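Visitor: Sequence:
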Amino acid sequence: MTGVRPWPGRPYPQGATWDGAGVNFAIFSEHATGVDLCLFHGPSDAVAAETIPLRERTDLIWHAYLPDARPGQLYGFRVHGPYEPEQGHRFNPGKLLLDPYAKAISGTIEPTDETFGYPIGGPEEDLVPDPRDSAGAMPKSVVVDDAFTWGDDRPPRVPWNQTLIYECHVRGMTMLRPGVPDRIRGTFLGIVHDPILEHLRSLGVTAVELLPIHQFVSERALADRGLTNYWGYNSVAFFAPHARYATGALGQQVDEFKSMVKGLHAAGIEVILDVVYNHTGEGNHLGPTLCLRGIDNDAFYRLQPDARRFYMDFTGTGNSLNMLHPRTIQLIMDSLRYWIREMHVDGFRFDLAPVLALYEVNRLGTFFDIIQQDPVLSQVKLIAEPWDLGEGGYQVGNFPVGWAEWNGKYRDCVRRFWRGDPGQVPELASRLAGSSDLYQASGRQTYAAVNFVTAHDGFTLHDLVSYERKHNEANGDDNRDGTDANDSRNWGAEGPTDAPRIRQTRERMKRNFLATLLLSQGVPMISAGDEMGRTQRGNNNAYCHVEGRPGPPRVHPGRYGDRPVEPDPPAACFLRRPPRKHRRCQGPDVDPLGRPRDRAGRLAEPRPPCARHADRRPRNRRGGRARQSHRGRHAAAHSQRRPPLDALRAPKHGPTRHVDRDPQHGASGPTARIPRAVGAADVELADLAPPRRGAERAARQLARRVQASLAIPGGIDRHLVPAEGP
1 MTGVRPWPGR PYPQGATWDG AGVNFAIFSE HATGVDLCLF HGPSDAVAAE TIPLRERTDL
61 IWHAYLPDAR PGQLYGFRVH GPYEPEQGHR FNPGKLLLDP YAKAISGTIE PTDETFGYPI
121 GGPEEDLVPD PRDSAGAMPK SVVVDDAFTW GDDRPPRVPW NQTLIYECHV RGMTMLRPGV
181 PDRIRGTFLG IVHDPILEHL RSLGVTAVEL LPIHQFVSER ALADRGLTNY WGYNSVAFFA
241 PHARYATGAL GQQVDEFKSM VKGLHAAGIE VILDVVYNHT GEGNHLGPTL CLRGIDNDAF
301 YRLQPDARRF YMDFTGTGNS LNMLHPRTIQ LIMDSLRYWI REMHVDGFRF DLAPVLALYE
361 VNRLGTFFDI IQQDPVLSQV KLIAEPWDLG EGGYQVGNFP VGWAEWNGKY RDCVRRFWRG
421 DPGQVPELAS RLAGSSDLYQ ASGRQTYAAV NFVTAHDGFT LHDLVSYERK HNEANGDDNR
481 DGTDANDSRN WGAEGPTDAP RIRQTRERMK RNFLATLLLS QGVPMISAGD EMGRTQRGNN
541 NAYCHVEGRP GPPRVHPGRY GDRPVEPDPP AACFLRRPPR KHRRCQGPDV DPLGRPRDRA
601 GRLAEPRPPC ARHADRRPRN RRGGRARQSH RGRHAAAHSQ RRPPLDALRA PKHGPTRHVD
661 RDPQHGASGP TARIPRAVGA ADVELADLAP PRRGAERAAR QLARRVQASL AIPGGIDRHL
721 VPAEGP
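The sequence shown maps to residues 1 to 726 in this note's numbering.
Simulated from the structure, these hints should not be mistaken for lab results. The structure displayed is predicted, hence computed values, not measured ones. Be a bit skeptical, because a hint or two may be false.
Quick list of simulated restraints, FRET-style, between CB atoms [claimed, not checked]: (1) Pro123 - Gln330: 33 to 43 Å; (2) Gln87 - Glu56: 41 to 51 Å; (3) Asp59 - Gln87: 20 to 30 Å; (4) Thr366 - Glu56: 26 to 36 Å.
Where a beta carbon is used, it is the ideal one built from N, C-alpha and C, also for glycine.
Please build the complete structure, drawing on both the sequences and the hints.
Guide: In structure tokens form, the structure reads like this:
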């Protein structure tokens, strides 16, 4: 693009808008003295192909129209003005800035020294500007064509009283899921591939709640430790889908997100976005200059009144957006409407919602009044995370009509009850009945309570019954991060164990939690993978992971030390009594509570079988080998140790794995449908086939194959890694 002559353009809508003939650019800055529009040919270009000063300014919005620009054009802004941190101004034209209204970003953001507005390590810290150009280190904003063939797509509009929410992560759901093509693993398109949709439908899920998909940035401190942000609660562009969740980053992420929504809607599943409008990824006063800080720091962020160099922090992330400024509120409202109108999402979960409510001025008022009267936003599902780090930030039950809330009191009460804490029954009765003590005063019904036992933040369901202390060493903060109040119990051993009684107790407690959740009044929400025993090895703050790996720190519940630990048995294996064995070989029975008992009903420890019958091969009366057609009474008794057929049969719903070939020789052998559900059954040679001539070798080979399969850590969000491990 050579010799570009801009037209005046329009101040609205903000951002880059393609109208079929050209592109209108508009950006707000109240205190800037000038704004340059920079056009680039490639996403890694360090020098702009064209730099166009924006001459027009209407209502504090700088704008221009380029008749020759087209979708796919890469651009960014440089904003001129005073660099006076002590006055709240941090303008630095040396820093290329993202468009806060950009519909797509050309790549991920890796904060380098050039992206900071001040010299890193300087004696005066952020008080002196850094003139170095950051264009080469910054991704570029992308002009996007909003056209998309939606066909007959319609929002499912599932009523609250029929809603089952499944909280999940785009990358974690699909990155290592068998059956998903390599090209779309970890992407929006992977979410709507058949194996994922079949699993969601088998669970009865009516809505997926996706962890943040807005373009986000990893903190510099994580990069220095070789980690990267996984959850995504560090947004920098409220209109752009995250570039890593798509097969391409030059606008493809927009079309692929729309395709995901269309596919989920066709399956009758709603899409709820976890949105972070309370802060951005630019951090505190020592953070990088990527977007809003360089556009107008004083307008977009809440600064301390008596020291405007520093930010007010209600989120623990370094900054808070300035909801007192009308342009900041407009940015958020325009973003919400965009995701509903253009992207067809069905609802939002607001991270740290009290930060948005201006509670120091009008507690839980202005922001929610604006949404409630909006004809678009008021018609979708609105869910609040009703707590933050500020004073009076725990606002469970205080949100207005039309809002649902994460019911943190439900989570705490149910955990304490099943842990065995005394005095929990009265409160539990209220939580099971819909928590009317929290929501009835405001005129809301039971749907206002989004009940959950686990979420992305905290222990998984498996870890909730396996650990009593957090184990966050992988995060690099010496186990100081994450909460210590987990209300968990390990039932006899911290972490993985091969003790049958402990493992059986843990499996019962998982089912107790899930049954309580699904039978309570309110809207149930389950965390992805909890239905399949996902674990984070006791990490209750798995927001980061090692760079290059597709999820939280990779954990493998099928290993304990250097030796494999078999998965826990399903309920069908320990809720019914095993068949009787020969009296001298008789081990203890297991009662419905999983406790070993002898034949008289007394508690007993397991006894090994007698030496004579430790060998399961048929023997004659003298102890020698018997002919196959004359198996002894004791051998026949041993052959009856097979578990019930339904313990090996695949469950009615849920993914299965078909085992039909010899892993060493490739010869066809016996087949079995092995359930990939919570704690698959232990499978031994005698469990698969009776001892008969010609079957022993094939059964042994199949047993090795099955046991290798069962050692796979279960759970979609744990990626279903291959049986051979990482």
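Visitor: Now look at each hint and say whether the structure bears it out.
Guide: Status of each hint after checking the structure:
{"no.": "1", "hint": "Pro123 - Gln330: 33 to 43 Å", "verdict": "40 Å, holds"}
{"no.": "2", "hint": "Gln87 - Glu56: 41 to 51 Å", "verdict": "27 Å, violated"}
{"no.": "3", "hint": "Asp59 - Gln87: 20 to 30 Å", "verdict": "23 Å, holds"}
{"no.": "4", "hint": "Thr366 - Glu56: 26 to 36 Å", "verdict": "31 Å, holds"}
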